[in-house]
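Based on these hints, arrange chains B, C and D on the given structure of chain A.
Number of protein chains: 4
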Amino acid sequence: MKKDRLKIVTIGGGSSYTPELIEGYIKRKDELPIKEIWLVDIEEGKEKLEIVGNLAKRMVENAGLDWEIHLTLDRREALKDADFVSTQFRVGLLDARIKDERIPLSHGLIGQETNGAGGMFKAFRTVPVILDIVKDMKELCPDAWLVNFTNPSGMITEAVLKYGNFEKVVGLCNVPINHIMHESKLIEKNPDDLFFHFAGLNHHHWHKVYDKEGNDLTELVIEKMFNSNEPIVKNIRYIPFFKEQIRDLGMLPCSYHQYYYLQDDMLKKELEEYAKNETRAEKVKKVEAELFELYKDPNLKEKPAQLSQRGGTYYSDAACELISSIYNDKRSTMVVSTRNNGALADLPYDCAVEVSSIITASGPKPINFGKLPTAARGLVQVMKAMEELTIEAAVTGNYGTALQAFILNPLVPGGQIARTVLNEMLVAHKKHLPQFAEAIEKIEKGELK
Amino acid sequence: MKKDRLKIVTIGGGSSYTPELIEGYIKRKDELPIKEIWLVDIEEGKEKLEIVGNLAKRMVENAGLDWEIHLTLDRREALKDADFVSTQFRVGLLDARIKDERIPLSHGLIGQETNGAGGMFKAFRTVPVILDIVKDMKELCPDAWLVNFTNPSGMITEAVLKYGNFEKVVGLCNVPINHIMHESKLIEKNPDDLFFHFAGLNHHHWHKVYDKEGNDLTELVIEKMFNSNEPIVKNIRYIPFFKEQIRDLGMLPCSYHQYYYLQDDMLKKELEEYAKNETRAEKVKKVEAELFELYKDPNLKEKPAQLSQRGGTYYSDAACELISSIYNDKRSTMVVSTRNNGALADLPYDCAVEVSSIITASGPKPINFGKLPTAARGLVQVMKAMEELTIEAAVTGNYGTALQAFILNPLVPGGQIARTVLNEMLVAHKKHLPQFAEAIEKIEKGELK
Amino acid sequence: MKKDRLKIVTIGGGSSYTPELIEGYIKRKDELPIKEIWLVDIEEGKEKLEIVGNLAKRMVENAGLDWEIHLTLDRREALKDADFVSTQFRVGLLDARIKDERIPLSHGLIGQETNGAGGMFKAFRTVPVILDIVKDMKELCPDAWLVNFTNPSGMITEAVLKYGNFEKVVGLCNVPINHIMHESKLIEKNPDDLFFHFAGLNHHHWHKVYDKEGNDLTELVIEKMFNSNEPIVKNIRYIPFFKEQIRDLGMLPCSYHQYYYLQDDMLKKELEEYAKNETRAEKVKKVEAELFELYKDPNLKEKPAQLSQRGGTYYSDAACELISSIYNDKRSTMVVSTRNNGALADLPYDCAVEVSSIITASGPKPINFGKLPTAARGLVQVMKAMEELTIEAAVTGNYGTALQAFILNPLVPGGQIARTVLNEMLVAHKKHLPQFAEAIEKIEKGELK
Amino acid sequence: MKKDRLKIVTIGGGSSYTPELIEGYIKRKDELPIKEIWLVDIEEGKEKLEIVGNLAKRMVENAGLDWEIHLTLDRREALKDADFVSTQFRVGLLDARIKDERIPLSHGLIGQETNGAGGMFKAFRTVPVILDIVKDMKELCPDAWLVNFTNPSGMITEAVLKYGNFEKVVGLCNVPINHIMHESKLIEKNPDDLFFHFAGLNHHHWHKVYDKEGNDLTELVIEKMFNSNEPIVKNIRYIPFFKEQIRDLGMLPCSYHQYYYLQDDMLKKELEEYAKNETRAEKVKKVEAELFELYKDPNLKEKPAQLSQRGGTYYSDAACELISSIYNDKRSTMVVSTRNNGALADLPYDCAVEVSSIITASGPKPINFGKLPTAARGLVQVMKAMEELTIEAAVTGNYGTALQAFILNPLVPGGQIARTVLNEMLVAHKKHLPQFAEAIEKIEKGELK
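Chains as they are written, first to last, in the UniProt record's numbering: chain A, 1 to 449; chain B, 1 to 449; chain C, 1 to 449; chain D, 1 to 449.
So here's chain A without its partners, still in its complex pose:
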């Protein structure tokens, strides 16, 4: 029997994104019979949880809804009998992200908090925690869906599938929806009148665009893209791609491909920001501080407009839509991280991919994409191998595996520099990397250089 009163849990409930999530639920109040929303955080996030949790309460009340909003540090109490669990936590908070970005840059490398050296460390810190959450879920709410939007979203999804042995997980990201909105506007079409076919990995996917008449508009969008100067996703700086490259590829890259296709130019921009203490992480920290000031205002009863600057536009909205699509068996098309099962013929059968999928009550069903063009194939294959090694290292704490993952990453050149950055980051994040304790000790003693 379909549940008619839902318990929804958000781990990392003290996040500045939470108001958007609450707004998303309020928008879907007729689709989702919510009874309770539990916002969970840890001791260090208690204050933020209070602030944002109280705003959430005001928003719900203001919408005339009788939903219970629970704020708690007790994750297990929250998970008990939950129907949906969304995760948006950040181990080590923004200070950890600052290290993820600044340490590599201090050695002349892009940090990139999702699939560069920074993202790999985010995985190292997050994988053990998500596996712990999954362990609790299997005990306390084995039928619940886990909707993850903690980055690196694809690797976290794969860790849950492979090492958590938990099938009811979906990874989410707002990059695809940003592309859909942006490119529809570029060609002056309603997004509902277009079919976007995405395939690849989280922050590393490509797509094709078709219209209602069955025409492949991909080339047209490519041309329009080169006549526009607007960034697709607000939170990453924008450098135009190379026309000849993208035309030859025949697919639209995602905005994060800038870090690969334009690596050297992006590095230069980031080094300037680094010098001015204006890396993305530092900016975000500032924006967040301002947001929390706003959130404190007892008169604020709606999501403040400033939140959209934070960069996660459509993020929480996508999460709410996914939850509603599963709950209501909508069978609409969304782009999610899920098990491959052959949807992308070029990648391992059982890895996680980010691909256009039909969302049903029994989860996402990937729409088959088949083989990628050669240049996309090679890149996505090396990225997937890097992801697999990163997840493995995150689980085992094996230094050699971490080093292999580092050197395989196209944003990290091989050689002593890779070890130096790896070592410095291991020590800097020591507190959140218990699995690497042995290696860190050796580094600190100078035995591992």
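Read the hints as simulated data drawn from the structure, not as lab findings.
Check the hints yourself; a few may be wrong.
The list makes no distinction among identical chains, and a pair is therefore deemed to hold if it is satisfied within one copy or across any two copies.
Stated by the list, open to error - Distance condition first, Cα-Cα at most 25 Å in a straight line; then the derived BS3-like pairs of lysine-lysine:
id, residue 1, residue 2
1, Lys138, Lys445
2, Lys445, Lys243
3, Lys135, Lys283
4, Lys286, Lys99
5, Lys162, Lys371
6, Lys189, Lys269
7, Lys46, Lys430
8, Lys212, Lys80
For chains B, C and D alone, coordinates are given in the frame of chain A:
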């Protein structure tokens, strides 16, 4: 620009199914801006074309529509600038089907007009004709969609894709929709509240069933199936499957699996019918004669109820729905024969498979199914190899290839019997098998035994 | 360090083949520093073990060798510290094989003791025993190689790899070497001057032939084969293949393909033999009785010529050569059953295949064969699925799985007949099928028909 | 019939390597019944051809052989009825290689003449020429084998297979044999007592080592490697790999992996050499000049010892051994570039791979390797995609494809720098890149930046 006045062509327009097709279009009059319907047939079918064509005109007029109905023997005129071309022709008419069924039975083998010896000969006769049609389409209406429901629908689709090098083709069959309707009723659910995931080949697929709460109902449907005695598809006799086998398989077989899973028992039934001159082909011939008598009645202005006995329930309806789904970019889920592209990991990447697909304006996008259970995998793989060889032999007229295809078919035992049946059928269908002229001559001269 | 005194164990040491095995070792006395040969059998085979064991002792003595020949019923004592273990046992002895052949024939089906219904039952009886042997080996001689020539050799090898998790296993069969000898003679060449490339499954493989100048002689051998009337392998009756089929296939089938390619004709021959109580199993039983009479003669000190009639020509010789090739790291090419690892692209990565391999000290390294022609691909795929299900049923005793395997087998038609034969055989072999106890009880009570 | 008088052709006969090749033939005089050796070169290489050709004549005469040595600029005359054709030419001579190395270094990138930017340009220059040679061979000596050791050897082999549609090609490289010799010495074993299993791409492979007792010695060799300071291949500078990385990988990398695993450190070394005008190309040019001085000496009748400094140790020897292995159907194991056919499950079925193969009269038969460890898989997949795009660009002259290949290469960072280097190299090599004429013109006009 989307066409706002459609030209739809039906090849084999004189078929007894045509009234259902017309009814299907009439039902969708608000979705499909039809201007002209062209019913095409050959000289031998002229009389039937007149009869059914006039009924079609009366039906359209009765519905108050201004659509033009054209009856013609000139296929090229009809194809000129067509938007959709559906094919439902039968080379050699029902007399050929009678041979397809009776010759094998006369040697103690199941004929099976879709994937037994009979179906292989239907492919031998049909493939050259469909390739000829495709050649015309490439010249006269290169942007039109070819919606094939001439059997063997999967092999014809593969022939068009591989040898016709024409991508805009979809194969259709009413077996999946019959399963959907029948099984929904069995478990007392609305079909719209269920998700049926089909995978396999035409007349050789399996499926799983999920409800709106995400539960896998496959086992439940299997149990209900064994408590019911009703045939799923009207036009094939019904013998219950084996519970232990189907439970162990964990998927629902299609009704045509009876010929494989219950081969010996089906053969006995068919031999009884053969002895009484009541093979399916003979029955159909009788039903058709009666139908055409009915069709002649100038007062008949709607599809007569008796047509449903013919066996093609939902057949034409499925075709109309597919056309409307493509035209309107409905993105609904339908089960169609289309290029694999990895949707079924166990089958060649570029073969045709029959699989649940999202129907978009740019054609069907298969929903990924992944790997099949072992027993289904082995069977579908040998069937696909048989299909590939059958299509190849249909194109080349190579006797050795035809013999290989025959012996590979699980319904045809290896040995002299296979040659004997093959030879007798080649000679019997001589008129429609110009590609096999050389082999047939040798058989007739007694040089090939 | 390479062992310089070898302990070789033969399980099923009382087999009539043992003298050939001993002869094989004697021939290789300079290659293999044998210290002890242990012939192991079970209580029921004690008498035969004595007879053949004493002959073995006389043969060794006659050759002037100091090898110790141990005869024992204590398998564990024999396995302790063994270097090579060969298995040639037959659970249920020849009486079980007689049932394997006669029960299917009594219902009009080919029994086929290797991959028909008979062979499947041989697997049902043998798999639990081989897994028990492997369990002992892992404890008592974990570094020994297991050289299996108990049939069905391919399935036994796969069971050891997949369910025994034991890597040091090689499956052997004398069919490839018989083809090599026979076909070399056909084209009047020295076998050493030809390269035979085999690929497929045990008793279900094909091959191509090349000469020292690099010419592909496959077609030539095919033509010669059709001008010859001689059987390739002595122990199976011979019916010529169809020229058109084999030419179109472009590879040489193995002799066991007769059961598939000429199923109906083989069945007729077998039914005649059945009627005269002259099935292969019955003949072998007679030959064996005669052989053991010969073996008793205390003056017999060499392998008697009559043994070659038994049918296993080259069988034991192949085993000795394999052992020597591994021991001496010969890197010669032999055809063995081993893990696929991609050598045959059309079959699962980790299944067992029979394929030309380089024999090294670290085991067989398959020579890559790639993709098979379509007709071979489909047939080998359905056979492999049947094998996988047979092995699974042999391990689990699941009736549904056994039924699936039966119906998938091209030699067993689907339908009630499959159940009837399955049930009758389960009951007939009850003593050796403890894993199927539950199903057998139901059959005996009439609850499973 | 096997030819008993061989005609062997070497294209690029004026190479400084030729004396080694001649020596290799002389060593195998009893295995190879050579009648004629044709050394072919182009107008620009005429002088060198004369010098080295005369030395070759003296060497043959000195060995007491009656072989005819022909020196010619007429390639077609040489190819007529040839039995083996080896290719060792260098389009643009060493000056082109100097550009291949220096231009990237001038922008801070490694050039790497085999699979870096330099090697890609070598492919751009060489592919059209090899395809031209293959066209001639198909006409003039269709049964001859093409033994290529022009770099990038793997890409050239793939171009011949895919675009030349010529199957009788083998690519050779001396890196594997250098590893075999070096590592055997490291562990104090005779190379014949070891089995080296190689898999990957040219200059991008890994291997495992087994001894005659079947032990996997890979770990042992890894440990020994880290206790040694000697370079494996003389012509590339040596930096030790990282122990933790290689141990975790579990395979031995080839010496060229230094460019990837130690990219940053190698770059630093190369920049120092660049500054001193001592890049490898410049050094080689000097060594070659000295060699040709030596070669001129009419008293020199043997390969001079100084040639070994040139770096191609074992290179020509490998070619002679391959020719003898094919001619004599030796079935020995060699590491060659050949069509994959599934030997490496992680790479496209029909690409060229470099893998341990059995050399037969009908060509190399790869020994199956199966799946690579994750880190090797990802790297080899991106390299193969880069190779495919490079070859495609070499054939089509498409700038976008060349740019895609460049950016995909792990040694070339994405961004404007990739374009800048690509453009500068296109212009610098203009004379040898007719296929890129259009793009080069635009670059020169400043229209493509």
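When no copy is specified for lysine 445 and lysine 243, does a C-alpha distance of 25 Å or less occur within a copy, between copies, both, or neither?
Between. Shortest inter-copy distance 18 Å satisfies the 25 Å Cα cut-off; intra-copy 50 Å does not.
Is it within a copy, between copies, both, or neither that the alpha carbon of lysine 286 lies no farther than 25 Å from that of lysine 99?
Within one copy only: 15 Å inside a chain, 49 Å across chains, cut-off 25 Å.
Up to 25 Å CA-CA - lysine 430 versus lysine 46, copy category
within (22 Å within a copy, 66 Å between copies)
Could you figure out if lysine 138 and lysine 445 sit no more than 25 Å apart (CA to CA) within one copy, between two copies, both or neither?
Cα proximity of lysine 138 and lysine 445: none, with 40 Å in one copy and 42 Å across.
How would you classify lysine 212 and lysine 80 at a CA-CA limit of 25 Å: within, between, both, or neither?
So lysine 212 and lysine 80 pass the 25 Å test across copies only (23 Å; inside, 45 Å).
Treating 25 Å as the Cα threshold, decide for lysine 162 and lysine 371: within, between, both or neither.
both (24 Å within a copy, 18 Å between copies)
Checking lysine 135 and lysine 283: alpha-carbon separation at most 25 Å within a copy, between copies, both or neither?
neither (35 Å within a copy, 62 Å between copies)
For lysine 189 and lysine 269, with the copy left unspecified, which applies at a CA distance of at most 25 Å: within, between, both, or neither?
neither (33 Å within a copy, 54 Å between copies)
Hint compliance for this structure: hints 1, 3 and 6 are broken, all remaining hints hold.
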